[in-house]
Structure formats: structure tokens, C-alpha cells
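> Here are the chains, one letter per residue:
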Amino acid sequence: MQSKHLIFFVLLLLTTSVFCQIDDLKWKKAYLSYEVPDQFRNRDYSFESDNAAEFLEKSFVNAYWFFISDVDGDNCPFDPSCSSFFIYATEETNVFQATLMFSDRLTRDSNPIKKNKYPWDKNGHYYDPAYNYTLNQERIDYLPPTFIVEDE
Amino acid sequence: MRKSLLIIFFLQPLAIPQSTTFDFYSPQNIKLFANYLFCEEDYLRAIEQYELLENQFVNDTIKFKIMLGYSDLKLYQQSNDLIKSLNHESKLYPDAYLVSMKNELLISHKRLHYIALSSFNLSQQAGFNKLSAISLLYGNEQSIKKSDFVSVFNSAQQNTASFLYDYKFNPPYRSPAWAGIFSAIIPGSGKMYVGEWGDGITGLLLTGLFAVLAYDNFRADHNTRAWIFTGIGAFFYAGNIYGSVATAQIYNAKFNFDFQNGLNLFLEQENYFLPEYDFCN
Amino acid sequence: MTSAIKIIFSITLILLSFINVFPQTTFEEQYIYAANLYSEEDYFDAITEFKRLLFFDESDNYVHSVNLYIGLSYKMGGRFSDALQYLALAKLNSSSEEEFFDSSIEIVKVNILRRTTRRAFALLDTIANDTSFVHKLEEINYWKGWAYIFSDEWGKAASTFSEIQSTPQLAVLCDSVYNELYNPQLAKYLSIVPGAGQFYTGEYVSGLISIGWNVLWGYLTIEAFIGDRIFDGVLIGALLWWRFYSGNIQNAEKFALEKNLEITNSALYYLQNDYEGEKP
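Residue numbers (my numbering), protein chains in the order written: chain H, 6 to 157; chain D, 9 to 289; chain X, -13 to 266.
Extracted from the complex, chain H is given alone in its bound form (with noise of 0.2 Å):
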């Protein structure tokens, strides 16, 4: 009599708690904003590095930025940018690999035919990451060229 109960407890625990999960699944009261989001390429201009080499490389794309880059007009067609990517590109690997993936970007940037190739971000940028090009193969997210890129 009693297993019978204990039985017939432990199957009605079962039930009930795989029934609970459902709170959690209810969609919720959204925070819709008026404003527009701003599409335009943001710079990021500060000067945070872990070492002097970083610091120094930072320096010199800022200044690259604030008195070319930011003056001659919107010309990569990539997201992030050639300097944006030689500076992420630094923090995924080193100065020398970076140099390198650097080049290899400047190659495909000068490459006329790019359609077909590489995803979009939402502002009609082609969307080229640094992490897919560190040789580490677990580290490529491959996205096919249909794709538009939200949230980088």
C-alpha cells in the first residue's frame, strides 16, 4: 500500500515539474523606443591596450582615423573597416599574425568582384570578421552570403 503511494508521488513530482517550465516561456511586456537606431560606423577612439605595442599600434590607427580615414570619405566596402580589423585582428592573435591577415584584407579588398561572397551587415557593409581568418578552424563562423548580420 504504502510503495503504491510512494510510487504514485513520485510520478505525480514528475509530471508537475516537467509542467513548470512554462512561466518561464511566456513572452513578456515589450519596451518598444520611438527613436531610430543610428546606422552610421562608429569609431571606437580610446586608447586601452595591455601592453605598450598595443598602445602604441592604438595610437597610430587613431591617428589614422582622425585625419585620413574619418576625412576621405566611407571607401571600405567591408564591416569592420581595414584599420578596424588589423586592430581586432591584434587582439585575437598578435601584431606580426595580424599584419598578415592585414595584407590578406587589403588583397580581397582590392578585389573588385565581391558579391556572392561574404554576408551583409544591416548598414549594406560586407560582413568579413577578424576571428574566421586566425587559422584556428574551430574558430570560424561561417555565415553564407544571404545572410544579414544584426548584432555583430
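Just so you know, not all the hints are guaranteed correct.
[What the hints assert, rightly or not] In silico EDC-like cross-links for lysine to aspartate or glutamate, where the CA-CA straight-line distance does not exceed 20 Å:
1. D:Lys118 with H:Glu143
2. X:Lys174 with H:Asp77
3. D:Lys99 with D:Asp89
[Unchecked claim] Covered, in the sense of this in silico footprint (three residues per stretch, anywhere, with C-beta under 8 Å from a C-beta of chain H), are these stretches of chain D:
4. 47 to 57
5. 132 to 139
Calculated directly from the structure, the hints in this document are not laboratory data. Glycine included, each C-beta is placed from N, C-alpha and C at the ideal position.
Got chain H sorted already, so can you dock chains D and X onto it with the hints?
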């Protein structure tokens, strides 16, 4: 005394006027509403309503419908947990078993090691065989021959199954090492080997252009300019080798992505080889 | 039975006849319960209870109002496609002109929020042309003004609100936004003179740097042509001077658009958080 009490008891409803009442939350009405929501494919609400029913009103059909609902909501583990409460003798148990196989495939992305039930009918047995076979493509061991693999599927599915088998066990990968070697010999050829003709030709032209400019300037004794062009040429040359290796890796990743996509599409189109369940007509 | 027990039995029996052991609700109570869930912002459950009412309501007394509530609940959850579906059902099942108008306005509001303002304008024009709603013209114009705001036409929004007596502050706000906005086309044309477009948009540093580069490359290009170094001149002119010149034009337009976005977003922030009138 008893007669007068009985009269009072039965006259009371007539004496006090009442508005139309309806028991929205009776087990029968909750079940009716839940069934309606299930047929509307509002699975989350349907499950929530079935959850309100006490155990004595929850039969195997309802449990199976909840399993289907959870599976459709991509809550595969929750769906699988329900099979433990199903009666093994129930008519729906073999179908629930197949649904649990589908769930397990989507949870683990590994080869399935399920045993066929003796209570399977012909179509359930066929579904079981197909699911078990297709799960092979999620593992890495090529443990059955292609002919045995393809023969499990019906004629309309065999082409796709054969194609997927080949892609899984004989993938047309490109070697990153060879791509790098080719580009070291002829700049850009490594990328052409991977199929990136545009990038390959661009790499060849850039490296070639700066090499020619360097040579020209050395010949004309403009050493400073010559060394600058040499440096830039070396920069593009090294980058082209590196890029060829990286491009071969991305090519292989693209191939894996396309294969996985194709496999998922095939499974979705075939509804994971599960029968169509119609609880709404 | 003893008389005491008889009395207790009788009282219990009478009391039991008044107690509902199995509580039952009226349709009206179910409606109020669901509406309370809506007002408590428990939108998911509100939809469940409204759907329950709709499922069992054979008299169709609640079809319009329940569909309206369900549509509004979906709207509050940001699920605009579902919201429009149920608001359309509410409109279809309206039993009076007032209900039809209210449903239509709710559909307009959802279209405004998801910025499908062309649809909102089309709907507003349809109800404005309906002679039954002549007395609602002010309200129609009010939502037209909001639709203009969300389609970034602040000038038209200002003139629409100025025709409505009850919303002078919106007319003033839209007018001030319109007057503050930069003209991206003008910024581009001014940039024919390097730096002028940037100066127009208040980006003086960028303008000065742009002038500097254009003067440098322009000088080098002309000097190369004068010195009969045609190839050098073409290279510097095409690759460097043209790059910085076209960049100066592009930047002027970009700065104008950026500044405009800041101005309009600040107005939209005010409208969402501080404006106390009716909002979409």
C-alpha cells in the same frame, strides 16, 4: 419536516434570480479549449491548459500532444521527459518513441542507438529505420556501406540520401597546406586552387606589380623607392600565402555549413520521417 | 433525530443551497477577469483568457471587444503582425461606427509604431473620406501628424498639428525640430568648396583637415602637370586628390544626417517619455 426542507432546497434556485453561469474551468471545458489551442498551433497555451488538468483527466493522448507541443517549441528535453509517464501498452507509445528519437537527435546531434519496438507497425518501423540511418550522418564512423544506407529510404528520398552520404564520408575538402604551398610558388594560385579566382588574380597582380616596380627602380638606381616597393611587394606576398591557408579553412567550414544545412532541410521536409498526426478532424 | 440535530441539519442544508461548491463564472466575469489581466500588464495570460471567452461564447456578444483586447495585448508585447491580425478581426466584427472607427485607429497606431506609415496614411485617408466620420476629422488629423513624425516629415507634421486646436505644443515641437534640421543636399552642394559643407554642419575640425588635404593634393597635382610629369599628376589627382575631395562631400552629407538623427531622436525621446497626450 423533511418534505418542507426538501421543498425549500429545490425552490431556492427559482426564488433567487441567477445570471447565466458557465464553468470555464471544468476539466471538460479546459480540455476542449486546450484541444482548440493545439489545433490552432498555439502550443505554449495548449500545454499551459493541459497542465491545469488534474492527473485523472490526463490520458496518453494528452501526454502525447504535450510531447508534440514541446518538440515543436524546440523544448526537446522536456518533450522527452514526458515519455517516461506514458503507458508502454498504449497505442500511442510507438509514436511517442519515434518523437523521442527525433528529440534526441536534435539534442545530441549524435548517432542514435535506439532499439526497435516489437509493437511498431510497418510505417513506424520504416520511420525508425530511416531515423536511425540518418543519425549516422551526425557521427563520424562510417559503419555501414552506402548501398545499405540508401536502401533504407524510399525511391523519392534515395537521391538526397546518397548525396548526403557522399558529402559526409567523402567531403571535397581543400588542403590548407597545399593552398599555402601553391601561393608560395605562384602568388594567388593557392586561392585559385580553393576556387577564389578573383582574390587569386588580385593577389597575383598586386604582388607582381610591386615586384616589377621594385625591379624597375633598382635598375634605374632609385634605391630608396626600390626598397619601398620591395617591402610592399613582400607584404602582399606574405599576406597572399597566409590568406590562401585561411581561405582553404573557410572553404572547408563553408562546406560543413552547407552540408549541415542540407541535412537539416531534408529532415524538416520529411518531418523527421514521423507520420502526420491529425488530432483536429 | 433529536430536535437540536434536526435544526443543525436544516440550517446546514439551507446554507449549502446558497454556497457554490464548484464556482462558476458568468461570461461577463470572465471578460472582466481577462480585462484586469490586461490592465495589470499580464498580456500573455490576458490573451489566453480572452481566447477562452471567445471559444465558448456562442452568442458572439464579445467578438469585437475581445479581438480588440487581444490585438492590443499583442501590440504591447511588440508582436505587431499578430496585433494587426486581431485588430482586423475586431474591425470586421464591429457592430457600430464607433467600434469600427476605434479599431481602425488602433490599426493605424500599430502601423505607425512599426513604421509602415504608408499603410497608416492609406487607412487614415480611407476613414477621412468616409462621410460617417466627418466629426472625427480632428482625431484623424492628430494621427496623421504622428504618422508624419514617424516617417520623418516634421514640416508636414507641424502643419498638420497646427490645424488641430487641442495640440498646440505638438505643432510647436515639430516646427522647432523642422527648423533645426540640416539639409543634407545643401551640405553636399556647399562641399563643392572643400570644407564648406562640414562648416555648415558645425564640424569645423573635420572641415579644416579636409581643406588641408585638398589644398595639399591639389597643389601637388597641379605642380606635377606644370612640371610635365603627367603620369604623376594623374596618379596623385585620381588616387589622392579625388579621394579626399569626394570624401569631403560624403562627410558633409553624413554629418548632416547624423546631426538630424540626434535632433529627431531627442524629440522622439521627449514624445515617448515626457509628452502626456495620446501616443501610438
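> Confirm or reject each hint.
Taking the hints in turn, this is what the structure says about them:
1. For the suggested pair Lys118 of chain D and Glu143 of chain H, the alpha carbons sit about 19 Å apart, so the restraint of at most 20 Å is met.
2. For a cut-off of 20 Å, the pair hint linking Lys174 of chain X to Asp77 of chain H stands: about 14 Å separates their Cα positions.
3. For the hint pairing Lys99 of chain D with Asp89 of chain D, the CA-to-CA distance comes to about 19 Å; that is within 20 Å, so the pair holds.
4. Using a Cβ-Cβ cut-off of 8 Å, 3 residues of the segment 47 to 57 of chain D lie near chain H, which meets the minimum of three, so the contact claim holds.
5. With a threshold of 8 Å between beta carbons, the proposed coverage of the segment 132 to 139 of chain D by chain H is violated, since 0 of its residues qualify and at least three are required.
Of the hints listed earlier, the one the structure fails to meet is number 5.
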